[in-house]
Every structure is written in structure tokens, then in C-alpha cells.
Amino acid sequence: MFYFVIDILGVIAFAISGVLVAMDKKLDLFGVFIIAFVTGVGGGTLRDLLIGNTPVLWMQQPFYIYTVIVTVIFAIVFRDKLKYLRTSLFLFDTIGIGLYTMVGIEKGLNIGLLPIMCISLGTITACFGGVIRDILCNEIPVIFSRKEIYATACIAGGVSYFLIRKLPLDNAYAYVAAILIIIGIRILAVKFKIALPNIYGSESNK
Amino acid sequence: MFYFVIDILGVIAFAISGVLVAMDKKLDLFGVFIIAFVTGVGGGTLRDLLIGNTPVLWMQQPFYIYTVIVTVIFAIVFRDKLKYLRTSLFLFDTIGIGLYTMVGIEKGLNIGLLPIMCISLGTITACFGGVIRDILCNEIPVIFSRKEIYATACIAGGVSYFLIRKLPLDNAYAYVAAILIIIGIRILAVKFKIALPNIYGSESNK
Amino acid sequence: MFYFVIDILGVIAFAISGVLVAMDKKLDLFGVFIIAFVTGVGGGTLRDLLIGNTPVLWMQQPFYIYTVIVTVIFAIVFRDKLKYLRTSLFLFDTIGIGLYTMVGIEKGLNIGLLPIMCISLGTITACFGGVIRDILCNEIPVIFSRKEIYATACIAGGVSYFLIRKLPLDNAYAYVAAILIIIGIRILAVKFKIALPNIYGSESNK
Chain U
1 MFYFVIDILG
11 VIAFAISGVL
21 VAMDKKLDLF
31 GVFIIAFVTG
41 VGGGTLRDLL
51 IGNTPVLWMQ
61 QPFYIYTVIV
71 TVIFAIVFRD
81 KLKYLRTSLF
91 LFDTIGIGLY
101 TMVGIEKGLN
111 IGLLPIMCIS
121 LGTITACFGG
131 VIRDILCNEI
141 PVIFSRKEIY
151 ATACIAGGVS
161 YFLIRKLPLD
171 NAYAYVAAIL
181 IIIGIRILAV
191 KFKIALPNIY
201 GSESNK
Chain G
1 MFYFVIDILG
11 VIAFAISGVL
21 VAMDKKLDLF
31 GVFIIAFVTG
41 VGGGTLRDLL
51 IGNTPVLWMQ
61 QPFYIYTVIV
71 TVIFAIVFRD
81 KLKYLRTSLF
91 LFDTIGIGLY
101 TMVGIEKGLN
111 IGLLPIMCIS
121 LGTITACFGG
131 VIRDILCNEI
141 PVIFSRKEIY
151 ATACIAGGVS
161 YFLIRKLPLD
171 NAYAYVAAIL
181 IIIGIRILAV
191 KFKIALPNIY
201 GSESNK
Chain H
1 MFYFVIDILG
11 VIAFAISGVL
21 VAMDKKLDLF
31 GVFIIAFVTG
41 VGGGTLRDLL
51 IGNTPVLWMQ
61 QPFYIYTVIV
71 TVIFAIVFRD
81 KLKYLRTSLF
91 LFDTIGIGLY
101 TMVGIEKGLN
111 IGLLPIMCIS
121 LGTITACFGG
131 VIRDILCNEI
141 PVIFSRKEIY
151 ATACIAGGVS
161 YFLIRKLPLD
171 NAYAYVAAIL
181 IIIGIRILAV
191 KFKIALPNIY
201 GSESNK
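Sequence lines, in order, name chains U, G and H.
The first sequence runs contiguously to residue 206 in UniProt numbering.
The second sequence runs contiguously to residue 206 in UniProt numbering.
The third sequence runs contiguously to residue 206 in UniProt numbering.
It is possible that part of the hints are untrue.
Since the list can't tell identical chains apart, any single copy or any two copies may satisfy a pair.
Lysine-lysine pairs mimicking PhoX-like chemistry, simulated, CA-CA at most 25 Å apart [what the hints assert, rightly or not]:
1) 193 / 26
2) 25 / 147
3) 25 / 81
4) 25 / 193
5) 26 / 81
6) 147 / 191
Think of the hints as simulated: they come from the structure by calculation, not from any bench.
Every value quoted in this text rests on a predicted model; they were computed, and no experiment measured them.
Put together the whole structure using the sequences plus the hints.
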């Protein structure tokens, strides 16, 4: 139940981010819906395709599509008020990537993948909805270019999970700890403006 | 046989639309062929991937690839005459989306998906070849931004199908009726310039 | 063993080409890694998805991801020296497409596909990593627009393979011959500036 609520909140946060990008691009109603849907479930869909888990998740669980439909209607009707939700959306999104990373990792473990592959799957689940959103909107994916700690938080959380799992603790502790680590890193990085190292030398500091 | 002819006409119409977009972008011969192919079979390919129906359809039925090869040669040779075909192309395309929507819906029913998922699959089959075409050509997909009744006609036809199926009629009637509804909505929408509701308020009417 | 070395060299060459494009776009460290990875394994991943060979290859063989990680670090550290490697990179890339084409063709044969589908799979394996790279970097794929003999060399090599196989020779000869034909066509086309036929008439020669 707790899991379910978080999952819905994650889809809502991702879908709203999709609506915002789509409306910036002046897409029509159908386009806004598709972008919202893809942002919400695209990462999990890509994960399911890569591991052959088909029909993909959203085809088997209708609450995803209903959640996106309601979210899009809500977001369009209250589009002028969405800016007041910015902090809540950041929180949902951050909780969402924490949870989605672990969902992806678990799916990888279930089919016997190596830890590094599980972490890749988790990061794809959390981050690639946004990548597909940006490609469909004809932009370079924002997580590839902002030097933000976003996917990096997912990777760090995934690594932590496999380290904590080695301790003599119940697996559930490692699971929850990893989610909290992802959320914590993401929040601290935004608060203290911690970024990825600059790989372009001083000339790009202009 | 009838089905087969319509399927070929649909692939031809989609492939020619791919050639036209690719030539606008001044792609080379290989690029034009890939765009034509992707426009013709991309929707069905995405559908097959999402439901795990692999190898995807065009790998199992060679007539798709041959149809596209012949269409591309024809379209390049007669490129100056293609504009005279505009009405025929619109008709083929419209018949194509009607048929493809129902093909996708049927595939969804065969694997026991819910009606809303079947309608999604049908719409993906009919419309996402064009989406992939536009992404490969570095454009925002045209069906996301024109406020046109295109995907909407597929969705409406799919909903009609599941409603008509409840009547005490042979299933074939519902199938054909849904195709005609899609074609009818599309033609009427173009004829009477019916569009999706504007979600941007008056400032976007400039 | 020989096969393995070539495969690694191919991944390295493709990954470096990804790093170069990603750094041109000023992507951050994460973006550079993803583009390098996608360029290196994207073609094989798309092939595996289309034929339903999941989890896709790189999830089952960790050396791909490790090779890309090492290559990206190397390429970033020595970014100013990469231009001196241009000839080696061209050779690795050319050997890579030769080998990848045949890997794709073999996978198609293993599941009983027709020759034309095997050749398509081979060409996808060799060329579509670069296509996905360009899409993620918001460019029209370079192999669609340069009139270069690149994918065409893969197709020609694939056709040769199926012709040579008909001779009363061990299959290994046909395999190696096809790889050499692809490499040979590619090198000759670059050396003598042989291009695809112009399909736009004289007005595009401006």
C-alpha cells in the first residue's frame, strides 16, 4: 500500500514535468498527454523491453494510464497554479527516482543480472522517462547536459544498496536505506549546488 | 485478400509520406529508404516490441520490406508528380490508420489486454510510424502539435469498437464499423477543419 | 579470442566516436558516458530487441560496459590527443562495422530469418548505434544524410555473404570474405570519394 502510494506520486510528478515541457513546446492536447505518459512510464517501459518483460508493465496495470489521464486534466486546468507546486513536485520527483531506481534493481536481481547491470536497470527506470520526453520534444535530454546530480544519485544509491546488502541485516533495511540515500544525495546536491566535475577545462566556464 | 491489399496500400501511403519528409530534409538514398521503411512499419514494430511479439512483424513477412523498396524507387523517380497524388495519398493514409488501429486492437485482445490497452496499442500501430519518422528527421512529431484529429480518430474508433461489440451482432460488423468510423471522423475533421480544443487560452491565437 | 579482440576494438572505436559527438555538444560527464555507451552497444541492443533476444546482449556480458567506462575515462583524459588517433579510429570503426554486420546476420540465421532480414539485422547491428547517438544529440543521423558509403557497404557485404555461401566452400570462408568485402568497400569509398547517387537533381549541387 505504501509502495503503491509512492508509485502513484512518482507517476504524477513525472507526468506533470512532462505536461510542463510539452506546454512549453505548445503541443496540442494529444501531444501533451503522450509526453506526460511517456515521462511517467517511459523509464519502466524501456527497462521492461531490455529485459524482455512483456507486455510492458503499464499494459498490465491500468492505474498508470488512468493516473496520467487525471494528472494531465488537472495540470491543464490548473496550469497557472502549477508554479506554486514546484517544491512538492521536486519532492515527489525525488522520492520517485529513489523508488524507481530500487524497483529497477529488484527486477534485475529477479532475473539474475550482475549488480552493475541491476544498477543500470535502476537508473534507466528512474531517469529515461525524462530522456524520452526530451527526445520527443526535440531537445537534448536535460540529464545529459546540466551537470546536475540526478542520475548520479541513482547510481550512488544503487551501489550503496549492494554494499549494505553485505551487512548481516534484513534485506529490507538495505532497500529503504538505498532509497533514502538517493533522496538525500539529490536534495543535498540541489541545496548546496553540487555538480558533476567539469570535463571541458576552463574555457567552458565563460 | 482484401485485408492484404489494404495493408499494402497503407504501407505505400505511409512510406510515401516518409519519402516526402526525408526528401524535404535532403537525406541521401539510404536515409530516404530508412525513413520510408520506419514510417511504413514503425508503428507495428513498436506495438510488437511492447507486447513481446518478436521477431517483429516485418521480419516475418518479407512483403513489407519489398513494398517499401518498390515504393521508394517509384517515389524518387516520379518525385515531381507526387503532388498530383495528394488526394489518393490522403485516402490511403486514412484507410491505413483505420485498418492499423484495428490490427493493433486485435493483437491486444489476443493476449488478453484490457480494452483501454488495446485501444492504446491500436493507436500506437496507426500513429507511431509517423512519430518515429519525425524524430529521426529531427522534428517534433507532427501529430503532437497540429491540433489535428488524427490519433483522436483512432481512439474514437477503438472506443466505438468496444461499444459495438456489446451489441448482439457478429464481431466482424463491429470490426468493419470501427474502421469506417475512424475513416469517417478523419475525413470529416479535415473537410470541416475540426481540431482538438485549444489548451493555451487566447494568447496562443495570435 | 580473435573475435573477442575485434569486438572490443569495435566497441572502443564506436564509444570514442560517441565521446567526440557528446563533447562537441558540451554534454556533462553522465551524458558523455551514455552517448558513448549507446554508440558502442546501441546497434546490437536494437537488434536484440527486434528479435526478442532478451535480456539484451550487454546485460549478459559485462565486458561491454567496462570497456565503455575505461574508454570514456581514457578519451576524456586524452581528449586533446584524440585527433592523432583519427586513422586508427577509422580503421577500428571500419573493422567494427564489418564484424558487427556479420554478427547480426548470424543471429538472424540462428532464428531462421530470410536472407534479406538477416542483412537488415546485420546493418542495424553495425549502423544504428550511431543513429541512436545522433538522435540523443538532437541531430539528423549522419548516415542518413552524407551520401557516404557506410550502411551500403554493410548491405553489399551481407549480399556477398549469401552469394559466397552457395559455393562449395566451408562457411567460415564466406564469413571472413564478407567482412573483408565490407572493410574493402568502405576504405575504397573513402579513398576515392565514392558516394551514393544524388537523388535531388542538379539544383542540389549548388
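(message) At most 25 Å between alpha carbons: which applies to residue 25 and residue 193, within, between, both or neither?
(response) Between copies only: 22 Å across, 28 Å inside.
(message) Within a copy, between copies, both or neither: which one fits residue 25 and residue 81 at a CA-CA cutoff of 25 Å?
(response) The answer is within: 19 Å in one copy meets 25 Å, while 35 Å across copies does not.
(request) Can you give me the call for residue 193 and residue 26, within, between, both or neither, at a CA distance of at most 25 Å? (result) Between copies only: 19 Å across, 31 Å inside.
(message) Regarding residue 147 and residue 191, is the shortest C-alpha distance of 25 Å or less found within a copy, between copies, in both, or in neither?
(response) within (15 Å within a copy, 40 Å between copies)
(message) Reference check for the pair residue 26 and residue 81, CA-CA at most 25 Å: within, between, both, or neither?
(response) Answer is within; shortest intra-copy Cα gap is 18 Å, inter-copy 34 Å.
(request) Please work out whether the CA atoms of residue 25 and residue 147 approach to 25 Å or closer within one copy, between two copies, in both situations, or in neither? (result) So residue 25 and residue 147 pass the 25 Å test inside a copy (23 Å) and across (13 Å) alike.
Violation of the numbered hints given earlier is absent; every hint is satisfied by the structure.
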